[in-house]
Amino acid sequence: MLNGERRLKDNKDPIIQIKDIHKHFGKVHALRGVNLDIKRGEVVVIVGPSGSGKSTLLRCINRLEEYDSGKIVVDGILLHGAQNINMVRQEIGMVFQSFNLFAHLTVMDNLMLAQKIVRKRSPEEARKIAMDLLKKVGIPEKINAYPSQISGGQQQRVAIARALAMNPRIMLFDEPTSALDPEMIKEVLDVMMDLAKEGMTMVVVSHEMGFARAAAQRIIFMDEGQIIEEAPPEVLFTNPKQERTKRFLSKILDH
Amino acid sequence: MFSRRKSESTEFKVPELENVPEAGVGYHIDAWWWLVALVAGLIAILSITKPDPYWRIVLFVRDGIGVTILITIVSFVLMIFVGMLGGLGRLSTNKVIHLVTTFYVEIVRGIPLLVQLIWWYFAFPVIVRELGQATHISFLANYEANAILLAIFGFVFCYGAYMSEIFRAGIQSIPKGQMEAARSLGMSYFQAMRHVVLPQAIRVILPPVGNEFIALLKDSSLVSAVALADLTRRGREFMAANFDPLQVWTMIALLYLVMTLFSARIVNYVERRTKIER
Ligand SMILES: Nc1ncnc2c1ncn2[C@@H]1O[C@H](COP(=O)(O)OP(=O)(O)OP(=O)(O)O)[C@@H](O)[C@H]1O
Ligand SMILES: [Mg+2]
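Each protein sequence line maps, in turn, to chains L and U. In terms of numbering that gives the first Met the number 0, the first sequence opens at residue 0 and continues consecutively. In terms of numbering that gives the first Met the number 0, the second sequence opens at residue 0 and continues consecutively.
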């Protein structure tokens, strides 16, 4: 998967640098000075109460959302202005809570579309890459199905494969399993786990504690638009320093 | 291509079947075609059993039918483009574009179509000529109104505004996540519109757009007010020469009816062909 077209960079450089990001939605101050560096190959899980700005932060990283001040550097590219925005987005795959597969296209065409028009791959090449990825996420039989004809878990795995087809260096996940029935959560987490093992840089908003423990190097706790605390999972889950973190964790850990 | 595991084979076969269109002729021809046939038959029977005046009327207004169809189809094609641009403009985050398109839509919707057509035909050429005189461009100064062009222009201008609203609503009906997913894969706004949002919006837009086509077909009779020999105008000319209003206007009404009913069937057919499930 990792290919030669990638520029070689000093691996110690953080692949994502977030510096003092502020973001307002009208009067709502959604992000209040967020600072975060993410290393190559790191898996970071973000947790926090509803409305704390987790999605907004994620969406600022690939500029689905504009931010008011501060700066975000992704893989050495400063996200500023619109010129290089599509370039950066090719480097970042995003997986949404609601899957967002293209409803009018088959599974195969979902995987091929951006490869053809953004990466300019030939249909044969795009199809081959798509097929390999669909095998990897475990659904090679569904290539001709439409999104509405497959289960939520399958849709989310297709969505992951669709993002991977662009050969991203970073994957963002915004609550990838929270719209799924319990029996389908594992099949999606398994795919994400494999990805983490392969060394993909991942930023995951999720309250799946099992996944966080097993895959994450760092857990970030956000509240009211700020990062309150960050630590490796074994530290943060067992021994949080901040009162707010404790209160939040007590709510999500014991249900 | 690849091996399927047995246990899964039943699981995926069922949904795939939904994709296969039902076989048989009945799928493509809906029940209301008989109404089109009935009206067409009525026209034929009248023309054959009483060629005078009915067949004479048909022959006389024949070129008017051509004008009506020409205006309708050309205007329709053009106003789809105007509607698409207008719809995108109404949704634009660029304040100027948004303002201009909104202004356009509001203005057009506040003026009767007949007045607009008359304005384009009688008033607009005056502006062009005065502009030509002021700038000494003789080509503009001697501008002569071309009825067909200005009628088409008037229709496109007016219907384009309504079409803009249809496109706007259609595009808005597609979940935002579709655009976001496309953008997050690196597509530009226009690539995402063209390949992801519009193909889905078209299916939502199709029924109201089809209705606009039929409305346009009927409204095209208004051009008889601006010296265009369309079907309605030719009917009036025939009546003036022959003094048989009952037969003329019955025949004209039937001719419009067969065209609108036919269009409605086509619209219905296309709609059913493009339906998707979500
Ligand atoms: N498009 C928007 N328009 C207005 N306000 C918004 C918008 N998106 C987010 N907000 C607000 O910004 C704040 C942060 O929202 P965000 O979606 O980032 O939270 P979150 O941590 O992802 O919450 P959740 O767990 O519910 O997904 C909230 O107060 C929310 O209401
Ligand atoms: Mg969220």
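Careful, some of the hints might be misleading.
As the list claims (entries may be wrong) - Here are a few chain U residues that sit away from chain L, every Cβ distance over 10 Å (derived from the structure):
{"#": "1", "residue": "Leu34"}
{"#": "2", "residue": "Phe121"}
{"#": "3", "residue": "Gly131"}
Said to hold, decoys possible - Quick list of in silico lysine to aspartate or glutamate cross-link-like pairs, EDC-like style, CA-CA up to 20 Å:
{"#": "4", "chain 1": "L", "residue 1": "Lys127", "chain 2": "L", "residue 2": "Asp108"}
{"#": "5", "chain 1": "L", "residue 1": "Lys196", "chain 2": "L", "residue 2": "Asp222"}
{"#": "6", "chain 1": "U", "residue 1": "Lys94", "chain 2": "L", "residue 2": "Glu64"}
{"#": "7", "chain 1": "L", "residue 1": "Lys135", "chain 2": "L", "residue 2": "Glu65"}
{"#": "8", "chain 1": "U", "residue 1": "Lys49", "chain 2": "U", "residue 2": "Asp29"}
{"#": "9", "chain 1": "L", "residue 1": "Lys119", "chain 2": "L", "residue 2": "Asp131"}
{"#": "10", "chain 1": "U", "residue 1": "Lys175", "chain 2": "L", "residue 2": "Glu228"}
{"#": "11", "chain 1": "U", "residue 1": "Lys94", "chain 2": "L", "residue 2": "Asp67"}
{"#": "12", "chain 1": "U", "residue 1": "Lys175", "chain 2": "L", "residue 2": "Glu174"}
{"#": "13", "chain 1": "U", "residue 1": "Lys175", "chain 2": "L", "residue 2": "Asp131"}
{"#": "14", "chain 1": "L", "residue 1": "Lys134", "chain 2": "L", "residue 2": "Glu123"}
{"#": "15", "chain 1": "L", "residue 1": "Lys26", "chain 2": "L", "residue 2": "Glu229"}
{"#": "16", "chain 1": "L", "residue 1": "Lys115", "chain 2": "U", "residue 2": "Glu179"}
{"#": "17", "chain 1": "L", "residue 1": "Lys18", "chain 2": "L", "residue 2": "Glu229"}
{"#": "18", "chain 1": "L", "residue 1": "Lys38", "chain 2": "L", "residue 2": "Asp108"}
{"#": "19", "chain 1": "U", "residue 1": "Lys94", "chain 2": "L", "residue 2": "Asp180"}
{"#": "20", "chain 1": "L", "residue 1": "Lys115", "chain 2": "L", "residue 2": "Asp131"}
Please keep in mind that the hints were generated in silico from the structure rather than gathered at the bench. Even for Gly, the Cβ is constructed at its ideal location relative to N, Cα and C.
* Would you pick out the hints that fail for this structure and give their numbers low to high? => Going through the list in order, the structure violates hints 5, 7, 8, 10, 13, 15, 18 and 19 and respects the others.
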